[in-house]
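Chemist: Okay, here's what each chain looks like letter by letter:
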Amino acid sequence: MASITITINGQKVPAQTGQTVLEAARAAGIDIPTLCHHPAVKPIGACRLCMVEIAGQRTLQPACTFPVADKMDVKTESPKVVEVRKFVMELIFSERNHFCMYCEMSGDCELQALAYKYGLDHMTYPTYVKGYPVDASPPYFLLDHNRCVLCRRCVRVCGELVANHTLDMRQRGASTMVHADMNLPLGQSSCIACGNCLDVCPTGALVDKRSAFMARNAQTEHVRSVCSQCSLGCGIDVVTRAGNLLRVQGDSEAPVNRGLLCRKGRFEPLYEKRTRLLAPLVRTRDGGHRQADWNEALQTAADRIRRTPAAKLGAMASTRATNEALYLLARLFVKELKAGQAGLSHPVAPVFSDKIPDRLEEIAKSDCVLVVGADPARDQPVASFFVKRALDAEGRVIVVGAPESALAELADESFGMEEIRKAVEAARAASRPAVLYGAGLSEGVLEELKPLAGKALLLPLQPGVNTFAAAKFGLDRVADPSGLDVLYVLAGEEDLGDRILGKIGKDTVLIVQGCYKSSLTDRADVVLPMAAWAERSGTLTNTAGLVQEVRAATEPAGASRPDWEILALLGERLGIKPGASLEEIAVHASRQLQ
Amino acid sequence: MVETLYRANVLICGGTGCTASGSEGVLKALEEEIARRGLREEVRVVQTGCRGFCAMGPVIMIYPEGIFYCQVQKEDVPLLVEETLVKGRVVERLAYREPAQHKAIPHYGEIPFYRKQLRIALRNCGMIDPERIEEYIAHDGYAALTKVLTEMTPDEVIAEVKESGLRGRGGAGFPTGLKWEFTRRSPGEPKYVVCNADEGDPGAFMDRSIIEGDPHSLIEGMAIAGYAIGAREGYIYCRAEYPLAIKRLQVAIRQAEEYGLLGEKILGTDFEFHLHIKEGAGAFVCGEETALLASIEGRRGEPRPRPPFPAVSGLWGKPTNLNNVKSYANVPQIILKGASWFNSIGPARSPGTAIFALTGKVNNTGLVEVPMGITLGEIIFDIGGGILKGRKFKAVQTGGPLGGCIPAQHLNVKVDFDSLREVGAVMGSGGMIVVDEDTCMVEFAKFFLQFATAESCGKCIPCRAGGRRMLEILTRICEGKGRLEDIDKIRKIAAGMEAGALCALGQLTPGPVMAALRYFEHEFIAHIEDKRCEAGSCKELVAARCLNACPAGVDVPAYVSLAAEGRYAEALEIHRERNPFAMICGRVCPAFCEQRCRRGDVDEAVGIRAIKRFMADHERKNPWTPRRLAEARTERVAVVGSGPAGLTAALRLAQRGYPVTVFEALPVAGGMMAVGIPEYRLPRDVLNEEIDNIRRAGVEIVCNKALGRDFTIDDLLDGQGFRAVVLAIGAHKSMRLGVPGEEKEGVCQGVDFLRNVALGKAPDVKGKRVAVVGGGNVAIDAARTALRLGAAEVNVIYRRTRQDMPAYEEEVEAAMEEGVLFHFLSNPVRVLGPARVTAVEVQHQQLGEFDASGRRRPVPVEGAVFQLSVDFLIAAIGQRPDSACIDGSGVEVKKDSTFKVSGELGTSRPGVFAAGDAVSGPASVIEAVAQGNRVAWAVDTYLRTGRQEKYDSRPVVHFPELTWDMEKYGEAGRIRPRYLEVKERRGTFREVELGQPEQAIREECRRCLRCDLEWLESHPAARQQEGKRAAEGV
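Protein sequence lines correspond, in order, to chains A and B.
Okay, so the first sequence: first residue is 1 according to the working numbering, each after it adds one.
Okay, so the second sequence: first residue is 1 according to the working numbering, each after it adds one.
It is worth saying that the hints were derived from the structure and are not from the lab.
Examples of chain B residues toward chain A, derived with CB under 7 Å: (1) C457; (2) A465; (3) G496.
The calculated lysine-lysine pairs, modelled on DSBU-like cross-linking and capped at a C-alpha distance of 30 Å, are: (4) A:K86 / B:K492; (5) A:K130 / B:K481; (6) B:K318 / A:K365; (7) A:K130 / B:K539; (8) A:K86 / B:K489; (9) A:K130 / B:K492; (10) B:K531 / A:K130.
Label-pair distances were calculated between CB atoms; the ranges are: (11) A:S519 / B:A281: 56 to 66 Å; (12) A:P67 / B:A240: 27 to 37 Å; (13) B:A281 / A:R276: 54 to 64 Å; (14) B:E241 / A:K273: 52 to 62 Å.
Just so you know, even glycine gets a beta-carbon here, dropped at the ideal spot from N, CA and C.
Please build the complete structure, drawing on both the sequences and the hints.
Modeler: Structure representation (structure tokens):
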């Protein structure tokens, strides 16, 4: 890279060798219209809207692929350029149904915006002749070919970034279509419903079903936050209108995922069907529940806890809790109350190397990826994208001890856990090995992996969400709920009934802090309603130890309160004051995380 | 290995073309026959690659004599072996026959098809057994590779190729050496050498022929390229539709490996080179280099923007050199014979040879390799042997579906990369499709556009949608639904595609359409404005080709069909709706209908003119009184001139109710029909009967009244109260020879001569020597008339060849039979004699470059002059209207003296119209009739509305049933004309062509294929219009 100077529209502009004309122009604040271009994927020069005039070139050139050179003279809006640009747009409008007023994307459509910009006020050609079917087979979104401009952003995201290769082009010429697999309805295809194609579609061809026609972008609010569905901690953009959740989009600036999301993070939380807990509950004498106010519920809980000997006191936390909540739980139950049991609802993966990639992109660059005792395609899907990208880049992928996983089908080899040595051999021979491993490694396997610590990237895939932080706070194992008098459960959005109900005694006092009615809350003596993922602020620590801020996008439902707040209030009732505000608690927590 | 020496080698073509015409069977028969006769030790039979002359396949060559046999069938084999291989004699029947003289040419080197060719890339094709590396080696094969590996550094090889000036034969013409150098200099390892053998142009097969006929030349060229650029790995991307080519390549690669010419340590040096074949699935776009590379990599075959160029980032991102088969095949010869040898061939900027697949309407289709710089005309007429069936050349498409058509006026263009581009075509990969007048250029362009759009990869919008939009426009133009602004739209789309498309496929897709527009815009406009397809090929616009070809739009299939049933009166009525002169046209019509008759494509055209004459003559006993079609009107119309245009106009106007007066300068009515066409072709009584028909419609004909002499246009309009005037004054003024002595006594003009004879004032030529100058009908008429007047000797002097004569072929033939002497390629340069002509000095001519009409221009042969003694010299080199009669009338004329008229035949003066030869220049009766119809409609509209409106020239169609069993007439031959014996023609003006018996005529009618039925069935609405339009007499 060397600094050079080019001229754009008569204006001297700095540029770097290796940049394209488009990159240099945009860096200098000069807009060149594009349609097929998207910064996340490789440029293909297909839409021809970014054509510019470059002195010395016989023909117009696409700015998105043409490399800059010193003293290059570029014109981005010359009459010749504008003429071709308008011609191209007229053709796009002639191809399919681009009657904007009927389109979900109207107002937010890149094509429409360009048409306005260049003054296309009528259809030059007789408009589209043929209607295409709308593929509404996927559960969460639909593909409307009538709006498609064949820019292939979706295809490239599906292939280049998600490495799923479900979407592609079929036929040629004017019959070209985007299709899934061998022209299957998307819902029956290999599509994993990650929805990343939705984020890049410039028109209304790929539409989110849930939020369709609910708002134009200008009417919405966007909150950048972090996904709390798995331990990767992907950046999300939560879109709301008037306090209502519309959808989740990828945050393209998030370091971990660079905007990629999976079905679990993007769609599933918006389709929640369970009954929300909207007020604190306390048990009545007849075995039922009655609604209580916060004061009474907290006081009841505090009284029970205070009356119980430390050895008979227990606490269990869902790994989805924020750093602040986990910190408070550890502080209260481990440090102050010295409870006999305090732990997590999920096991913890051992961390034995400092060489943890904090950006998943690094996995994609590996020439040999070992996936040991984990099923990221199921549990941390975004991580699996990067493993598949390594495959696309001709890297080897070896799956150990997860023969049924989706990655095992694609992998070069799939070994049983007892064959760990073979896998380690392969990793050792590689120049940039990477290992992704889960929680269930036996001691023996762990010993085999340890020698790779110096060379390989070692990414633990924590089965929970905020497990890394929990472990740091001392909550580093699964809590045993048996033999306790009082059990405090930070269940959050999880239903931990199956992990607890069979194991606690009939008289055990159960205090549950949760979002939804469940078998556990049904049994609970005190129920403390908690704010759900989009309603709370705080921080989360991902599986690589990266602490990221979670921001509330909506108000807590009913009387529910954020996880940390409930614990802070409980602490007050117990005479413990770990911090008055979220910020204060966060400072304490982060200090402990370092 | 000891090779047997043979007495004779029989080379039989095993190329795809000859295989298709049965060469495998011939090969087998040959081998059997040779074995049967025990000649196996003496005669060897070799199956070779393509020799190029595919139209004549299967072809055989016999060495050492170099005997060339063509269209050999397996039945011919015993004779061939007996005569040629045993007795050493040529079998004339199997030799090539030159189409013009029909002379047998048994030796390869003398066949015109090969004579102008120069074979470098194709040097071994058809000469060696492609499956035996030994034969290639024996023809200096691999000597170039040896030379580069042992004597040259890679840089020296590149320098040599650069020096040679070789340009990429794939079509774009990028300098090959420069490309090699870029790849060599490009950082990155390994480097690749790739060959583009994805030949996708329809009809182009030169790459296939090289691979099938001489695969080692490609392999050697690629190995040299590999050495030069530093590659160890090469790919040949060949389409899977070429199974034979792939098989030959596989064999050749294996043999080369066995001989240590491929693989590791080639020829004992450290050079290593491996070749792989990659089969392409046949997408046209994969001929584009980046798409081809994507396809080799296993990705969707689509182009990507360049830069980076393959030389920098090609196959798998590595520096890659990509050339066409022909480029590589040239390399070994360049290395062996040197750069200066190569660049001495052809023009400096495009040295070497070009290979073309010559197809379409030429006599000699096939594969030709010619030195660059040869003219297009030489390829088509000398090598290609001219147009099939002696038809007229219209255009040639070069560069395949992305190229462009080149019309007759550019036949002299040199064939090289730059010159072709200047005329709007491209070299492309070498397809050359020749078309004649039967091809509609709109449809032709549409065909290529259809191909290119179907082959668009769909990646970029300009190509994907632009091509489709343009195709929609062309489709509607071909269906007669076009609008005039469509032409601008086509231009706009073309400009957008050219500037906006990603790869050459998209950028060049509009090429054929733009070239067609550049040279044949009038055809587009005719389709749009007149709903007319001149060539008769656009289905929607053409009910039947004959009907379409007739200038007056006479419904030929209808009257032929009625005549077949003996319903002559009805047939004649249909004829007269559009042409009142059935008896005349039954005798003198050039019969455009017959020239386009579809039966003519099968065997010979239906004898339409003979049918017409019979039906018209048959009804002579029932004189025709034309029907009045409209109420009587009061506006009087004057028609000046009583030729076919004037009389038709007068008739039509009278039918529409107008009082019409025709003014004729001569003492007789009929114009050129009376005083131009001699009586032996058109008897006076026939003419007069048809003129009487028109009088019966109410037309008044006043003779001996000449415009400009006896009256003016002002007199007519202002003085005599005519409301409209139709000027149909014909073209009676002869063009002068422009040679010294032309003013001498005894020199006259052709039309003057004929007129004087017709008016009974014939000059006394009895026993005299007469010479006529010219090649048109007037010249032939004058010559035959002079003969009938008793001239001792009649000569026709014509500066071109007989094929180029505009006169009707049958007239020329008759003149020859009657004893007229012809001097072709001769041009009078001086008239000799004291006061009266005694001789004419004639200069021999030879054929030079092509002129705008597509004929070779005659140029004088220095010093070749002879004298012809004559007493009379008749100049008949063309006529033009005598426009002196309208001087000062406010009617404008053009440079060539024809009237300046609007599309509706209005002159520059309101109320004054013009028609006939005075508008079009000298033409036929039927063309004048067509204009007469048209001008009458224009006058009618003008008088009723005061405006000029567009004439709907679409013919009125009729729906007679098919009444005969076509199967029965499948083999029937065309009716033979009957003529007066030659000896009976002298001294009389009796009609030469005789009538036919009724039975023969009715049989002839049934040879009609009724092409109109298909159109009629798909246009039921036309049936309703039939009656309506016929009643209106449109």
